[in-house]
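Residue numbers (this note's numbering), protein chains in the order written: chain H, 1 to 289; chain W, 1 to 289; chain L, 1 to 289; chain C, 1 to 289; chain B, 1 to 289; chain X, 1 to 289.
Think of the hints as simulated: they come from the structure by calculation, not from any bench.
A hint or two may mislead.
Given that identical chains are not distinguished, each listed pair holds provided it fits within a single copy or across any two copies.
To be verified - Here are the computed lysine-lysine pairs in the PhoX-like style, where the Cα-Cα straight-line distance is at most 20 angstroms:
#1 K195 x K16
#2 K248 x K11
#3 K6 x K257
#4 K248 x K6
There are 6 protein chains.
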Amino acid sequence: MFLHTKQLAYKVRVDKPNPVFAKHLQQAIGGIEGEIRVCLQYLMQGWNCRGPERYKDMLLNTGTEEIGHIEMLATAVALNLEGAESKLQEDLAEANPTVAAVLGGQDPRHVISAGLGAMATDANGVPFNGSWIIDTGNIGANMHANVAAEGGGRVLATRLYEMTDDPGMKDMLAFLIARDTMHQNQWMAVLEEFKDMGMPAPMDFPQELENQDHNYEFIVHSDGEVPGDARWTSGPSVDSHGTFSVRKAEAWGEVPKLAPAEARPELHSTVEMAEGQRFVRKAKDMLTP
Amino acid sequence: MFLHTKQLAYKVRVDKPNPVFAKHLQQAIGGIEGEIRVCLQYLMQGWNCRGPERYKDMLLNTGTEEIGHIEMLATAVALNLEGAESKLQEDLAEANPTVAAVLGGQDPRHVISAGLGAMATDANGVPFNGSWIIDTGNIGANMHANVAAEGGGRVLATRLYEMTDDPGMKDMLAFLIARDTMHQNQWMAVLEEFKDMGMPAPMDFPQELENQDHNYEFIVHSDGEVPGDARWTSGPSVDSHGTFSVRKAEAWGEVPKLAPAEARPELHSTVEMAEGQRFVRKAKDMLTP
Amino acid sequence: MFLHTKQLAYKVRVDKPNPVFAKHLQQAIGGIEGEIRVCLQYLMQGWNCRGPERYKDMLLNTGTEEIGHIEMLATAVALNLEGAESKLQEDLAEANPTVAAVLGGQDPRHVISAGLGAMATDANGVPFNGSWIIDTGNIGANMHANVAAEGGGRVLATRLYEMTDDPGMKDMLAFLIARDTMHQNQWMAVLEEFKDMGMPAPMDFPQELENQDHNYEFIVHSDGEVPGDARWTSGPSVDSHGTFSVRKAEAWGEVPKLAPAEARPELHSTVEMAEGQRFVRKAKDMLTP
Amino acid sequence: MFLHTKQLAYKVRVDKPNPVFAKHLQQAIGGIEGEIRVCLQYLMQGWNCRGPERYKDMLLNTGTEEIGHIEMLATAVALNLEGAESKLQEDLAEANPTVAAVLGGQDPRHVISAGLGAMATDANGVPFNGSWIIDTGNIGANMHANVAAEGGGRVLATRLYEMTDDPGMKDMLAFLIARDTMHQNQWMAVLEEFKDMGMPAPMDFPQELENQDHNYEFIVHSDGEVPGDARWTSGPSVDSHGTFSVRKAEAWGEVPKLAPAEARPELHSTVEMAEGQRFVRKAKDMLTP
Amino acid sequence: MFLHTKQLAYKVRVDKPNPVFAKHLQQAIGGIEGEIRVCLQYLMQGWNCRGPERYKDMLLNTGTEEIGHIEMLATAVALNLEGAESKLQEDLAEANPTVAAVLGGQDPRHVISAGLGAMATDANGVPFNGSWIIDTGNIGANMHANVAAEGGGRVLATRLYEMTDDPGMKDMLAFLIARDTMHQNQWMAVLEEFKDMGMPAPMDFPQELENQDHNYEFIVHSDGEVPGDARWTSGPSVDSHGTFSVRKAEAWGEVPKLAPAEARPELHSTVEMAEGQRFVRKAKDMLTP
Amino acid sequence: MFLHTKQLAYKVRVDKPNPVFAKHLQQAIGGIEGEIRVCLQYLMQGWNCRGPERYKDMLLNTGTEEIGHIEMLATAVALNLEGAESKLQEDLAEANPTVAAVLGGQDPRHVISAGLGAMATDANGVPFNGSWIIDTGNIGANMHANVAAEGGGRVLATRLYEMTDDPGMKDMLAFLIARDTMHQNQWMAVLEEFKDMGMPAPMDFPQELENQDHNYEFIVHSDGEVPGDARWTSGPSVDSHGTFSVRKAEAWGEVPKLAPAEARPELHSTVEMAEGQRFVRKAKDMLTP
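Can you build the whole structure from these sequences, using the hints too?
Following this line, the structure appears as structure tokens:
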């Protein structure tokens with residue numbers, strides 16, 4: 001169960017409202033790098049977690065924190081939108097290129113659909129998508145997904161930080177960047193509790209069942225030079241279960257052979273040849289020989 | 001530029017075609033854990049990569065490999081579908097529950113839309129979505145995203161491996177699992193070439209600008225017990241730039257204050273109160289005082 | 001800011017795990033009638049609300065409650081999935097139509113993608129979509145959207161209630177149905193605080209600017225009989241600003257007239273006629289007369 | 001069956017073509033508040049309606065009307081696009097900020113994909129989505145959904161009305177606003193024909209089966225002040241079946257308890273601990289004791 | 001403007017309701033091969049058409065016809081769903097594999113979301129998507145898109161025809177198949193009115209501006225044998241503007257060269273190398289030399 | 001299996017980077033007319049093709065070629081983005097309308113999400129969607145889908161060509177336009193190998209089973225004039241199996257009759273009438289007579 005306090009998790013202040021910046025902030029709410037995604041991802045992973053309890057609890061703690069970050073960002077969007085022009089004069093371009101330019105950079109739905117409020121969309125107005133919520137059911141794979149999500153989130157937040165001169169926005173983003181730092185470290189710390197960083201996920205699939213010829217081999221499919229001294233081309237593998245090697249791509253399989261269309265007339269895969277000679281008979285003919 | 005050889009990257013053989021398994025295999029083609037996603041993700045990261053060249057090349061090598069994995073899986077789906085019944089007798093349930101049961105477990109579009117071919121969808125027929133292609137433009141964050149993608153992919157592949165008794169399918173999946181082992185190790189190896197595993201991504205944002213009070217702090221928002229000895233609650237942070245600590249959540253912000261609806265009559269946010277006393281005036285009234 | 005307690009808002013108990021029912025429950029999590037939708041909808045409306053404060057507070061109260069409902073349902077899905085068969089024998093249909101039948105009715109991704117956990121999808125595996133979060137910025141229109149969301153939700157919950165004989169599930173659903181009853185009443189109660197139920201939303205657009213000939217007229221476009229005594233065909237309008245009437249559809253507009261393709265050669269809209277006589281000149285010809 | 005007359009349902013005239021306004025108008029075609037949505041929603045509800053006939057007929061009448069509104073808006077978009085610049089000079093910004101500004105505010109796909117025609121998308125180019133078509137199969141819930149759809153639509157239309165000075169566009173929008181007024185009233189009128197406004201939908205689920213402790217209770221999850229005199233905190237419920245009350249949130253459930261990962265080794269949920277002591281055994285070990 | 005008559009365009013009769021067939025029919029309503037798509041595609045092309053008038057009229061005629069086809073199919077789905085079991089007994093599989101099997105093959109949302117009505121989705125419950133509405137603004141390209149849509153639609157309809165033994169459904173599908181025959185022929189007939197079948201679309205781009213070395217050349221990227229006598233490898237091109245030839249793929253471009261990450265420190269693309277030697281300086285260092 | 005060479009298929013050079021043009025180019029990567037779509041469409045059709053081998057090979061050749069086109073366009077986007085301003089000064093509009101105007105026209109995610117790289121989206125940032133990959137399993141229908149895809153692609157490419165003055169971009173687009181010319185001709189050439197252009201697809205459904213009254217009849221649903229001399233109103237049909245004729249639309253079906261809601265109380269479709277007289281009994285009443 002969840003409770004709410006009306007005070008925000010951290011200060012949100014906008015000194016000079018900027019609807020263009022509001023549009024950019026949307027990426028941090030409803031984008032794939034955004035807070036709705038990490039919030040639902042950590043909560044889902046926590047709710048579905050079948051142990052150990054310490055990880056379940058940790059996920060629920062941080063998932064709950066993220067709801068508060070959505071709240072902060074939604075507030076930041078609403079405050080930035082207070083600078084929006086909601087009138088579009090027909091002749092706006094000629095009359096006032098400056099206003100027009102700002103209009104060009106803002107999300108029209110912030111005005112016409114939402115009446116100056118945040119939306120569950122990204123910076124282009126593309127809706128949040130539940131497919132982004134990753135829970136594999138494997139703790140190791142999940143933690144890697146979480147590190148990745150926070151990495152993308154912090155890259156986004158630093159770019160937003162540098163795009164604005166608004167002291168309030170910079171302060172808020174400095175807080176969110178700090179939390180992304182912690183969260184990257186936190187999920188990485190869980191991985192450090194696991195043998196070999198939980199790799200290869202899932203750890204409990206018997207590796208002797210996987211193909212032993214190609215499981216630590218860098219296969220070359222492109223003609224760029226392959227560095228001999230790279231961490232991934234020689235020496236022990238990161239999971240310490242094998243040794244890296246390099247091999248040029250070969251086709252170990254054969255040319256695939258599907259059942260011919262003629263064998264399945266009910267699928268209507270085929271055509272008659274133009275010159276009168278059919279390369280397949282009509283379905284009906286085949287059914288009534 | 002790309003070239004193609006008709007031989008498959010690895011053997012694909014189906015001994016007992018199973019259209020239900022074909023449906024499950026679709027997750028490995030068009031699902032978020034699937035091969036279209038990693039293929040386009042590595043290629044996009046490679047094409048967009050602004051150096052160093054060794055990483056660009058590595059990404060293009062492996063991205064090219066993955067196109068061949070889509071090809072293998074599409075072939076596997078087509079072969080498994082050769083077991084599909086494409087006739088649905090009206091009375092099929094009463095007459096033959098076995099056939100009906102299989103029909104229930106297979107994707108109807110494999111028959112009615114695709115005529116026994118693979119599709120660019122997941123195991124539920126949900127189309128592949130380009131939003132899954134992650135390229136942050138930051139090599140560290142990208143590598144974490146790639147480890148995560150391969151972790152999810154290998155978890156999926158091991159479950160598919162154990163779902164089938166078909167020797168050909170087991171052999172193909174053992175190969176794909178092996179490649180997922182390598183790819184997890186490979187992206188992790190790149191991270192090992194970076195200081196502190198490329199963390200916190202992006203590494204070049206000056207950390208003194210982020211909020212120094214909360215960047216290595218586990219903030220507790222739930223009432224589960226917090227383990228004192230966890231890797232993420234005390235000791236040096238994983239990136240070695242700070243020290244983990246624990247703090248109970250507090251609301252450091254204030255109650256947010258948006259401009260009242262009355263200030264923006266053109267947004268039409270408001271209503272009249274039922275009892276005759278308006279809590280806001282009509283927009284028109286405000287415009288013509 | 002939000003806090004979490006590990007106890008659930010209400011009891012969730014599953015006596016006989018049923019993975020088919022787990023699939024159906026997904027509609028109440030990630031479907032358009034589901035809890036993720038109402039949760040984010042009420043929170044977004046609350047965060048964006050520009051007053052009066054009493055409505056903002058109410059929205060945040062109920063939005064917070066709904067997070068706990070997602071948690072309950074995710075738990076219910078995970079518990080129901082404990083009845084899932086995760087092995088799919090190749091010959092499963094012949095050997096055991098009963099198992100096969102259940103497999104046909106369950107979501108394969110519950111096993112292969114999520115490892116027996118809930119997902120952010122609907123009962124067909126279609127992901128939650130942020131476009132469903134309605135916040136028009138107008139309180140009246142929002143309240144109608146909320147009543148509608150709860151209506152759909154309660155219809156769904158009653159059908160789920162009747163589909164199961166599991167006492168735990170019936171008890172949980174009886175609670176959720178009760179809350180949907182309250183929430184329908186609650187949003188409707190807000191509407192009763194408004195003059196004329198907040199209609200027509202937005203109330204502050206001067207109705208004398210809308211077309212006065214057709215604003216209370218039922219226009220007949222189909223040949224079904226129109227009842228003279230219906231509430232919507234005669235008598236005062238619901239908003240009491242007009243009188244209902246009935247009129248047969250007429251085309252008050254003209255045949256539309258777009259600028260011909262010839263006028264915009266750069267759009268390449270056109271073709272040459274087969275008989276040698278062009279009906280439009282080539283773009284190049286037009287540019288170089 | 002449907003028939004078409006080439007005359008438009010109402011006049012569509014554009015005096016000063018404005019491609020930026022064309023982009024905004026798209027929201028009224030392919031957005032969630034748009035005409036494709038209400039058209040298909042009313043038609044689907046009508047086609048699926050199992051009685052009484054008067055409601056089926058009414059839905060088909062108005063659904064048919066809405067096709068004509070899509071037609072009007074598509075025409076309006078095409079006419080507004082006649083003001084679009086389709087050449088983008090490389091140095092356009094330096095040379096002509098005014099043109100550039102307009103370009104920034106318009107949808108590039110109106111030129112490059114559609115050749116100056118309307119699209120089935122919203123104002124951000126996000127495609128229309130069939131998930132928006134609500135038909136619950138319950139007339140009461142459907143009518144609330146229809147009121148909500150018209151509320152959102154009219155809010156949108158009034159904002160578009162105020163954004164333009166074009167007399168033709170203002171006239172067309174005044175007509176559409178009038179029809180939204182009627183349609184809001186019309187669906188509301190149907191609800192008035194029902195006992196208690198069709199609430200709680202569905203009306204025929206026996207309320208004694210729902211949880212009687214919490215079905216008319218406002219549960220407080222946030223720390224804002226709860227008004228004692230609000231319509232939703234005391235007095236008879238809107239459906240007149242209960243009495244509103246207020247209660248502070250409590251967790252009536254228990255801490256959830258899922259089957260531990262160890263019990264389902266085939267799911268590969270787990271990891272090995274780094275310090276050598278496994279907290280779960282490997283799947284293979286469990287299978288071969 | 002549109003009008004509606006309650007009689008269906010053609011008879012829709014279901015003798016033995018079959019909810020599994022209802023699910024399959026959904027593909028013909030809301031799938032990419034379905035009637036909502038062609039309906040909106042032809043209407044949009046008609047509304048956007050800038051001449052000649054005869055094509056605009058033809059598109060509107062047939063687009064209007066297709067609304068009636070959606071109506072027929074929605075009716076067919078509703079009638080087939082009358083065979084649906086809406087109770088799911090917990091022990092249904094054990095008790096009655098036949099019922100269970102049917103349940104496995106039907107769309108659960110037909111019962112739980114729609115109450116036995118059609119939906120705007122495909123056979124897997126994936127919603128209709130507005131991106132499928134093709135209108136390029138070029139009549140030739142549009143006609144090819146229309147032929148393609150009808151081709152996919154007729155393939156689907158024939159498969160549905162053969163899946164059912166219900167005489168009513170076979171009669172309805174025989175009508176729809178006949179209309180698809182006409183529509184394929186009809187759009188093809190328009191193409192025959194154009195020179196060279198409107199190819200290459202757009203016809204009015206001066207072909208001397210396209211690359212003359214590669215515009216009629218089949219470039220070989222795969223190692224399969226290339227037939228010398230194929231229509232596409234030698235002889236005059238179909239548009240009669242060139243001569244087909246064959247060439248093995250070569251890379252006519254160079255290795256691409258992007259600006260290095262170091263040049264754009266504000267993008268935070270980079271990482272520090274693990275061994276202490278940075279391969280790029282930190283962004284901050286670069287800004288303050 | 002696939003191999004890659006780092007040289008591009010054709011030269012990609014950008015003389016004056018233009019981030020607005022980069023946004024427009026995205027349509028040719030991730031839009032429905034774009035290269036990801038045709039690439040996956042041809043490869044999928046090739047992998048699924050059940051003969052004849054010559055068509056399978058041809059599809060794989062051209063599908064492989066298209067991967068190289070994605071590569072070229074991604075490179076072009078990255079090079080054009082090198083002109084992007086990544087700083088957004090708070091007061092940017094006032095200070096510098098030119099910069100602001102460009103910002104308005106570019107995709108913000110190119111900077112904030114991708115760090116100056118291409119994305120798998122269209123020109124509005126809408127993600128690529130796997131539903132666009134058409135493979136009907138019928139060669140004739142597939143070829144028409146391929147002609148349509150290339151038609152749309154070439155129309156797009158010509159518009160992009162004319163939007164830019166950059167000689168490098170013009171040269172690259174002239175190459176892509178040439179390839180679209182070839183590919184349109186190539187798929188059309190395959191159709192010429194078929195009898196009657198593979199029409200009506202599927203050719204092997206016995207036409208005597210389709211409705212013989214309406215299969216070559218243009219049915220008039222709109223009041224525009226129908227030209228007597230059009231190719232599609234009289235004379236032999238294009239497939240030469242019939243003769244075109246014209247008929248005014250009639251409703252050959254009856255008013256549809258669904259089972260009344262009362263018959264299925266478990267669906268909760270119904271409501272009570274306001275005046276006390278129920279038009280349907282409550283579900284519970286019906287169950288306990």
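Same-copy or cross-copy closeness of K195 to K16 [CA-CA at most 20 angstroms]: For K195 and K16, neither the intra-copy (50 angstroms) nor the inter-copy (36 angstroms) Cα distance is at most 20 angstroms.
Up to 20 angstroms CA-CA - K257 versus K6, copy category: between (64 angstroms within a copy, 11 angstroms between copies)
K248 and K6: within-copy, between-copy, both or neither at 20 angstroms Cα: The answer is between: 16 angstroms across copies meets 20 angstroms, while 61 angstroms in one copy does not.
Copy assignment of K248 with K11, given that the CA separation must stay at most 20 angstroms: Result: close only across copies, 17 angstroms inter versus 56 angstroms intra.
In summary, the structure is inconsistent with hint 1 from the numbered list given earlier, while agreeing with all the others.
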